[in-house]
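**Q** Residue numbers (my numbering), protein chains in the order written: chain A, -14 to 430; chain B, 224 to 780; chain C, 200 to 585.
These are calculated hints, taken from the structure and not from any lab test.
Do not take every clue at face value.
Straight-line C-alpha distance at most 25 Å; calculated DSS-like pairs for lysine-lysine [stated by the list, open to error]:
1. C:Lys375 <-> A:Lys322
2. A:Lys54 <-> A:Lys392
3. C:Lys375 <-> B:Lys561
4. C:Lys243 <-> A:Lys85
5. A:Lys199 <-> B:Lys371
6. A:Lys322 <-> C:Lys295
7. C:Lys375 <-> C:Lys243
8. C:Lys295 <-> C:Lys375
9. B:Lys320 <-> A:Lys195
10. B:Lys320 <-> A:Lys183
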Amino acid sequence: MNRLQRRTVLRGLFNGASVAVALPYLDCFLNTNGTLLAAEGAPLPTRFGTWFWGLGVNPNRFFPTKPGKGYDLLPELSPIAKFQDKVSVFSGFDCLTDGKPVIPHGTGSTTFRSGTAPGAGGALPGATFDNIVADAIGTGTRFRTLDVSAIGDSRNSLSGQGAGQMNPVETNAMRFYQRLFGDGFVDPNGATFAPDPKVMAHKSVLSVVKEERKALERSLGAADRARLDQYFTAVRQTEEQLTLQLRKPEPLVACKVPPAPQEKEVQTVLEDVIQNHDMMARLLAMALACNQTKVFNVAFSNGASSLTRRGSSTTHHQLTHDEVIDPRVGYQPEATKFVEALMGGWATFLSILDGMPEGDGTLLDHMLVVAHSETEYAKNHTVTNLPIMFAGSANGRIRTGMHVSVKREPVSRVALTAMQAVGVQVESFGTLSMQTKKPISELLV
Amino acid sequence: MFKRQTMVSRVGWGMGLAVVAATLSVTGYAADAPAGGTPGMRRLTDDQYRNAIIDILGEDIEYAGRFDPVLRPTHGLQVQGVSQISVSPAGFEQYDKVGRTIAAQVVDDRHRPLLVGCAPRTATLPDDACATAFFRRTGEFLFRRPLKAADVQLYVTAAHQATGLTNDFYGGLADGLGMMLASPRFLFEIDVTEPDPARPGARRLDAYSKASRLSFFLWNTTPDRELLEAAARGTLHTPAGLKRQVDRLLASPRLENGVRTFFADMLGFDQIADLSKDGEIYPQFTPNAKRDMPEQTLRTIVDLLVTNNGDYRDLFTTRRTFLTRALGAVYRVPVSEKSDWVPYEFPADSPRAGLLTQPSFIATFSHPGRSSPTLRGKALRELVLCQPVPDPPNNVDFSQVENTAKGTVRVRLTAHRSNPACASCHRFMDPVGLALENFDGAGTYRSQENGVAIDATGDLDGSKFADPVSLGLAVRNHPQLPACLAKRVFEFAVRRPLDTAEAAWVKTLSTRFVEHNYRIRELLRIVATSDQLFRAPNPPVTAAKATATSVPSREVK
Amino acid sequence: MKPMARVLGLCLLAALAFGAMGIRTYGAGSADGAGTTRAFLVGKADMGFHYGTFEADCPQGFELTLEESYLASLTPAQREWMLRPENAFEYGHAWKNEHLADAAGGNVCSNPKSFKDDPRRRPYRGVASAVSYGLNLDGTSDGRATPKTCAHQKFVGLNGEPVVDNQLYRASGCSKLNRGTGLQSEQYFERSFLIELRGVDDILNDAQVEVAVYSLADGESALKSATGSDVAYQTFTITANPRWRAQATARIVDGVVMSDPIPVMHLSRAGGFAAGRGNYAPGSPERNFVFAGEFELRDVRFRLTFQPDGSITGVMANYRPIDNIYLSEYAGGRGTASIANNDCAAEYNTLARFADAYPDPATGECTAISAAQNIAGVPAFVVQPK
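Chain A extracted, bound-state conformation:
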């Protein structure tokens, strides 16, 4: 039975039409061998990550023109063609600043991540949504988050708790490897399993409400008794989930300690950064497969990107401002080569995550990655229509392969959707014009 049908069953229950479906319903739910529950062992964890690139896109070469499923791939998005079914694209989501001046290359990412436009100086006004996710799902693994920057800029972090605190980032693949697989690494497949006493305690107290059931039922009429049955069906489901967590997990088949990478200090040369990114992405994927972390933040380049091509000292950032738009093609040719390289990097990242089998799918299927830049069009520093993508289905909690096209909606809706999709208890995100309680419901399953 698929998820849509489950919904329908629920709706039927709400309408008070049915009384006795409680048990069959429960069975069919548990038999679902989709992505929510692994066939035998504990559920595969949902992971969350961000992937950042600097300096935006050429909007008319990037954003699909068709909304919904099966959107069209324009040149700058064509590198992801192979993964289109797993990638959603957003257009029309704006950073609203409520009259605060736009800080070039600062306002866009900070506003998206924290839900509040930064004031003078650009300091992070509050916790970024990836940090909120880490607080909610990042505990219980060895690393609360893993933060890396492929470009050699150790300040290239967009994540933090606010009040000036930013997550530190790793820029060196060798050091990243040491951190992950050096001292302190315990092979999850070798370790003996000890159930978490906290989960055991949680499960044991659930029995209390079941004890209360009889006394309650006695006083109720038939319809209300059916409603109470639904409640207890729901309790049983939570109990089943806890039971699964108390079983020894399936071996993490994809988890294999990789060989150490070559030591190389990378700065800003694009070709080196690409290589660094690929190495660190592979290490990160393995760290996820070995359940060392559930949350990560990757930055390919920085905002106001200092990426250069080998043999040139002209940065991507300079090109976006200096280079004249070639009237024959309608864009800045050299700057655009960088955009294309960045999207190539994104495609590589996806191929690494999607190339790692896990459960009945791939690592990517069990995570949600939010990719974005800090500006729509760097030449003008626009922070409206911020380029954002989602990849992965978050264990089946989110629909994929969509182009979500809106007009002038706050970008905080995307962040709220991402948080809710990975199970964070949050009903509202952002402040002032950015405040929203509306996730993008068409994406949430």
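Go by the hints and put chains B and C onto chain A.
**A** Frame of chain A; chains B and C shown alone:
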């Protein structure tokens, strides 16, 4: 949806007062109630849940979550849906998570001294004496009635076991409290009945059920200590005792919570969260204006009906309201304060008067890029006058109405009124909606549409009007107006669809509301002290019969 | 009910202004014995740069960026060597460090005046166009020197006056940083400000009215619509700082408001750029650098037209002291030079070259430059500070 505005201190109105709990008579939870009657079971709304947590555990307890939404029954109040919904698996997961989030805060270092109230001999070992005191006291407020010793013992044993697993007394206590917060006895208000001594063979609601009903009705929150004490003493069953409590509830600043909740529901403000407007057409409809719209109307209502004890009908003609700068841009009037609400009175010759001219009505019942006499007329008929309008037929050609480039909507809507399939309903809805055409889809005044002067004349069930202000007067004097409010208030009080036998009572209520000069406090008083509020239908059905019979009529769609 | 009484006063004012709702009104405001007052929120005040065809305006191409000016300073042989891929590091270091610094360790963007005679910081060529936005500020038809102005070329005007001054456009109109984007900042003065027209008896012809200009009070900003446009009929408190208020007499002729000059006027800058030192390490040369906390404008004149939707559009022309331009727009230290590729010293020398008013009594060199901004205002309400 709205922040509570009361002067009452919020930290634990009952917590830490074990003495009180000990003096309460232990009636027991449905202890010896033979199955019978059809007592109701109503899920707490999100606001009621939040208010109960704030009142019992303090307002610095933080949580966030999405509970199962309450669906509005056709032609009813949203809150009537609470007698029809249950808890889905995803919903329980939320209640469980939120309950554990709250429980962890209750036992943390900061809250422990006040909220736990006792300390274990050793923090790593169970301490049943401390746990018993904690669950007995906390449970009484969360479950809105004293717990039987055996019920307390359930939680004590569970906490004991949990502590045994985790070697953490407070962790075990939090596990037990988390379960209490996810228990149906907290999440649902489940009526308990008892034999009625005045009518042998009949049953009545027990005193604690009465206390809950009163408190959720008038304050939209869980009963406070005094109300539970009145239940324990049995005085809620006496007319004098009931009157004393109702007087107290009606005199409290917390009455504002109940009145706000009621009107936000009656006027359909739940729709405002999802409202959006075309920014090209209505630049004045800013996020701040949208945020302030419902609050403006609720302030107007509270000021007139609660603060000044005014005539309910005057809500439709009053020139007094409150504005912010964001609303000032919609109204096109200056507002002195940068970030405060400012009381405002429109001059006598202004086209603005009454709730129907406020953006919370005007803009909510409009399309994103144009006004809608039909939506406004339908809302006025259904929400304010309780006159249901049937759904439109399936195959209507809307093209003529939607072409807004020329002339006025009055002319465009003529098509509907002259088409027999549409006419009966549109003749009912459109004329009153057309009277509000002087306000565009965002609520700003206009005298013309596409260069043609707007004709706002018409008639409402026989009373003629010429403009929005005289429409307000016609609504004010409509005989259905007090009757509708009386019906809505009763629906709000019982939080379930009414059955046909209750029609006569609703009529009586309306008459008495009129006799009391349309004062809402008096209407609330009449409902709150009526037998009808506490009715437990007779004859009782037995448990065996209940499973065999079909769903009671009020459950049928 | 006291507050109600106070607001009632305001309501009555509003009622008077809107008593006749059907009549088209211009601006928002109130009436008293001396005619009506109408206020406007000026959300748009662009740079007043008219972009014709690139070939006609800038026949020699764009002005040089910092990197280009470095290349231009080299001999052909040096240039060839620097541009070899294997010398990229040396090249980057050369133009991003050596080229922008002076002997004392200052740099082009924090100490532009110390590069006054540096031949590598040649002033820009300027635009070749014959037309421009602006007003005739010096009153001459040929731009000859007067006691208050230096000799300069005039433009054919696009705002209703035949011969106009806009040397800021001439100076910067072919700069890549400006023209290269094809766009102009919507609000040259960073924050929206207010214009009030007072004593208007007849919006078509009135020989005596007043124009007042105010910055918004600290912390006030305008709400924008969902599409980013200015929202009409908002209320604003005006600044309590008398420096940021100014006024002048004006007249209305055939629906066009023309003001007499405001001798000196200041507008407050956005909070993030208020007067103060940049965020530089102690001891760095940029430390000595102080941003301007306000925009300074002299001899400000307006020429405005009422629009059918109640808004107002037109031009605001003025002289801008070049030091104030520099300290509020171009300055920014080393980063401005090396990241934005901006040769601030060349820009400053360009402003000095084209400056056309307020000659320094000692040197005779002009210290201010003519400029113009196309502005648009929507009706607004104005509240005095408490």
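**Q** Among the hints numbered above, which are violated by the structure, and what are their numbers in rising order?
**A** 3
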